[in-house]
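Chains A and B supply the protein sequences, listed in that same order.
So the first sequence is numbered by our numbering: it starts at 1 and just counts up by one.
So the second sequence is numbered by our numbering: it starts at 1001 and just counts up by one.
Worth flagging that the hints you see were computed from the coordinates, not collected in a lab.
Cβ atoms here follow ideal geometry from the backbone N, Cα and C, with glycine treated the same way.
Careful, some of the hints might be misleading.
[What the hints assert, rightly or not] Here are the simulated BS3-like pairs of lysine-lysine, each with C-alpha atoms no more than 27 Å apart in a straight line: (1) B:Lys-1421 x A:Lys-406; (2) B:Lys-1016 x A:Lys-421; (3) B:Lys-1421 x A:Lys-16; (4) B:Lys-1284 x B:Lys-1322; (5) A:Lys-284 x A:Lys-234.
[Said to hold, decoys possible] Not close to chain A: a few residues of chain B, all C-beta gaps over 12 Å, as computed: (6) Glu-1040; (7) Thr-1075; (8) Ser-1143; (9) Lys-1165; (10) Gly-1192; (11) Ala-1203; (12) Leu-1393; (13) Gly-1398; (14) Arg-1403.
[Unchecked claim] Derived coverage of chain A by chain B (criterion: at least 3 residues anywhere in the stretch with Cβ under 8 Å from a Cβ of chain B; other residues may be distant): (15) 61–73; (16) 263–274; (17) 297–310; (18) 328–336; (19) 365–379; (20) 418–426.
There are 2 protein chains.
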Amino acid sequence: MLFEKINITDENFELKTDMYVRVESGKISSITEQRPEDYEGECYNGEGKLLMPGLVNSHSHLPMTLTRGYGDGLTLQSWLFDKIFPFEDQMTDEDAYIGTMLGIAEMLASGTTSVSDMYMFGESVCRAALESGIKCNFSRCISSGSETPLEELKGFKEAMAVKEKYDGANNGRIRVDYSIHAEYTSSEYTIGKFADYVNAHDARVSTHISETKTEHEECKARHNGLTPVQYFEKMGIFGTGKAFGAHCVWIEPEDREIMAKNGVMIAHCPSSNMKLGSGLADVKAMLDAGITVGIGTDGAGSNNNLDMFEEMHLAALTASVKNYDAAAFSAKDVLKMATVNGALMQGRTDCGLIKEGYCADLVVVDLEKPHLTPKNDIVSSLVYSAGGQDVVLTMVDGEVLYRDGKFTTIDIDEIMKLADKAVCKIKSRL
Amino acid sequence: MLFEKINITDENFELKTDMYVRVESGKISSITEQRPEDYEGECYNGEGKLLMPGLVNSHSHLPMTLTRGYGDGLTLQSWLFDKIFPFEDQMTDEDAYIGTMLGIAEMLASGTTSVSDMYMFGESVCRAALESGIKCNFSRCISSGSETPLEELKGFKEAMAVKEKYDGANNGRIRVDYSIHAEYTSSEYTIGKFADYVNAHDARVSTHISETKTEHEECKARHNGLTPVQYFEKMGIFGTGKAFGAHCVWIEPEDREIMAKNGVMIAHCPSSNMKLGSGLADVKAMLDAGITVGIGTDGAGSNNNLDMFEEMHLAALTASVKNYDAAAFSAKDVLKMATVNGALMQGRTDCGLIKEGYCADLVVVDLEKPHLTPKNDIVSSLVYSAGGQDVVLTMVDGEVLYRDGKFTTIDIDEIMKLADKAVCKIKSRL
Chain A
1 MLFEKINITD ENFELKTDMY VRVESGKISS ITEQRPEDYE GECYNGEGKL LMPGLVNSHS
61 HLPMTLTRGY GDGLTLQSWL FDKIFPFEDQ MTDEDAYIGT MLGIAEMLAS GTTSVSDMYM
121 FGESVCRAAL ESGIKCNFSR CISSGSETPL EELKGFKEAM AVKEKYDGAN NGRIRVDYSI
181 HAEYTSSEYT IGKFADYVNA HDARVSTHIS ETKTEHEECK ARHNGLTPVQ YFEKMGIFGT
241 GKAFGAHCVW IEPEDREIMA KNGVMIAHCP SSNMKLGSGL ADVKAMLDAG ITVGIGTDGA
301 GSNNNLDMFE EMHLAALTAS VKNYDAAAFS AKDVLKMATV NGALMQGRTD CGLIKEGYCA
361 DLVVVDLEKP HLTPKNDIVS SLVYSAGGQD VVLTMVDGEV LYRDGKFTTI DIDEIMKLAD
421 KAVCKIKSRL
Chain B
1001 MLFEKINITD ENFELKTDMY VRVESGKISS ITEQRPEDYE GECYNGEGKL LMPGLVNSHS
1061 HLPMTLTRGY GDGLTLQSWL FDKIFPFEDQ MTDEDAYIGT MLGIAEMLAS GTTSVSDMYM
1121 FGESVCRAAL ESGIKCNFSR CISSGSETPL EELKGFKEAM AVKEKYDGAN NGRIRVDYSI
1181 HAEYTSSEYT IGKFADYVNA HDARVSTHIS ETKTEHEECK ARHNGLTPVQ YFEKMGIFGT
1241 GKAFGAHCVW IEPEDREIMA KNGVMIAHCP SSNMKLGSGL ADVKAMLDAG ITVGIGTDGA
1301 GSNNNLDMFE EMHLAALTAS VKNYDAAAFS AKDVLKMATV NGALMQGRTD CGLIKEGYCA
1361 DLVVVDLEKP HLTPKNDIVS SLVYSAGGQD VVLTMVDGEV LYRDGKFTTI DIDEIMKLAD
1421 KAVCKIKSRL
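So that you can see chain A by itself, here it is in the shape it has in the complex (with noise of 0.2 Å):
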């Protein structure tokens, strides 16, 4: 494929117009002003439109779309113990499967090309990111409050599976890593021997971090004045420098230090931060700490869509509310986050970017709406007047996934149907 004539987000997203880009097997080849005289290919024809690179959704739990709306207006406590968790434990794996797929196709309809997906359900998730063509770092959430040995874990065994049948799956695509859930819900013996097992195998590793309040404060108590992040530290959880936490909102200035000494990355979840009630994570702090942010969705259950453009006008305006500084944050700032940031934390060193040799992970946006004019910055109003239905292509590693509102690999009326139905079903036995 070669864009034709069309504006870019340059590799220090910087506005481009009228640049020529080349995609062949499945890497930008070219960036250039003139058209390259050899190209005899498929062309699209760039006017009015823009190419950034694909989003990447850096903490989901996609099978969560099920849950969509679902004990909506409920205190956090009776969401997740009246609502969440028994409809959980009613999942079948096809549920997970459809559910998945639901949120796939939602993420491709709205830029996303990539995300790091934590839950149950590890054939699910994969088994709809290797047929929909998303990339997806995806890790099984473990969590065990006794001394049972890892290997013996349901979660554990299930993340050896998975693991073993997807990771490196469709060229690289897929790939499994480790999780574990968080400090509040596992033992010390547990998260111990989950930093032996990860440090061992010098694996990427997700968890929950410092999520609320009652989390931050509850685990001090439990250790001594120990945070999550200085726990996790002492029980070895970032010893292989390639681990992230979702979340954060409550980290104090020392666990910044921690993180930043140790290559902690941080998935930021404004969405649902502030729809379940849990604050405002001061951002600003991390960056200026040197820390490397994401941003993510989380589950729809908590957002409750995968918008990553909505989730990027939030991480500016919260930005802005938690400094009282309408300066605190550049839209080139978050751009980069839900970009090449989310890109590193997946360990993809060649996403994020429309660059020579990176892997053709592109969006494309119609600029000719109206609360896209006038083009004063068109480079801001990504970030703080765009949404996900401005998107009209989607494409990862070069194959185009999403199109002027259709799916190459998603029978989306089918999956909706489904959905619905996996839904009634699941609470007829509630």
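Based on the hints, put chain B in the right spot on chain A.
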């Protein structure tokens, strides 16, 4: 028009399915479970769709769409003084007309049927509103730090001229009200004379109140500890019981009591309050105090779009995070604010609900989208999952103004071209 077999939000914002809603002479004439037998006119197939009241944007500055994305990432002071004010100084009546029409197009396409606008360029705003068919309460902002008699102020003369020409136009779709910009932009003399005038004319009044902490604290320092609300009350601005203040981020408990007692309403602008770093308004406390709260986008320069669906989402999210309570608001609370409350703030007591006899200001949302699936709670989805792009029909007083991407009264391609041209011209003079 007869909407057939359609989901609706009833007058309590409860979902009703498979309903028949008949529109005659601009009003909702019947809402029934059975098809009206005698009906022979145009039908709208409502399967897979939802009919809701048109959204009311309670606070905007429409010509400022031309400043969308202009000066993003600057501090509030630098944005205003280095960017916005010099830009506005170069705007002509025609520019303001184009900017307004662009804003109206964006609003109609995203489900807004009525807007409370406060700005200069009243002739331009009202002309665009009239031509487009939207409902609009316009008020020409007054501010004067001098002791010039009210009648000699340029703004007041314009306000009078616009009122004379447009108040009640288009069968009352256009209304012209009054506005004093804010406490800090006028002298005690001007505010006093303005209060006398509006009280003598029993007029509807809008103003900005306690948007930033600086504004709030400086008012107290100037006026013996009186907050803007307390000062306005003393000056008689709230005398008619038809006033509303925009923002109200920093109001105090006593302010809320005063507002409730005087029937002063509030236009809540969550995006703008966040983007400009002003703060999170305590809307739960406002509602608990018995104040009528609507939702507004503010100008496109500080948002940067006019999508009331995103504004509803943010109203819900900010309430939860402000109170650290996921149960702070229900989706119904938010829908009520964005519809019937906004209409009440405009003095339109027959708008904002799907109810027999009410104006047919209606919006159709397409529910057959991945991000609105599954249908666990459709009413909740409108607030937490939907976006303006899900709107497929917008009707004001029974007249279809937008349907399936097409405007019936606006040449959108021409307006977008003119908007870009106007901005180039303005910038060439800066």
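Here is how each hint holds up against the structure:
1. B:Lys-1421 x A:Lys-406: 34 Å, violated
2. B:Lys-1016 x A:Lys-421: With Cα atoms ~20 Å apart, B:Lys-1016 and A:Lys-421 stay inside 27 Å; holds.
3. B:Lys-1421 x A:Lys-16: 20 Å, holds
4. B:Lys-1284 x B:Lys-1322: 9 Å, holds
5. A:Lys-284 x A:Lys-234: Holds. A:Lys-284 to A:Lys-234 sits at ~26 Å (cutoff 27 Å).
6. Glu-1040: 33 Å, holds
7. Thr-1075: 5 Å, violated
8. Ser-1143: 22 Å, holds
9. Lys-1165: 27 Å, holds
10. Gly-1192: 32 Å, holds
11. Ala-1203: 32 Å, holds
12. Leu-1393: It holds; B:Leu-1393 is separated from chain A by about 16 Å at its closest Cβ, greater than 12 Å.
13. Gly-1398: 24 Å, holds
14. Arg-1403: Holds, since 15 Å exceeds 12 Å.
15. 61–73: Result for this restraint: holds, n = 8.
16. 263–274: Our answer is that it holds, as 3 residues pass the Cβ test (under 8 Å) against chain B, meeting three.
17. 297–310: As far as the segment 297–310 of chain A goes, the hint holds, because 7 residues have Cβ atoms under 8 Å from chain B.
18. 328–336: Holds, because 4 residues of the segment 328–336 of chain A bring their Cβ atoms closer than 8 Å to Cβ atoms of chain B.
19. 365–379: holds (count 9)
20. 418–426: holds (count 4)
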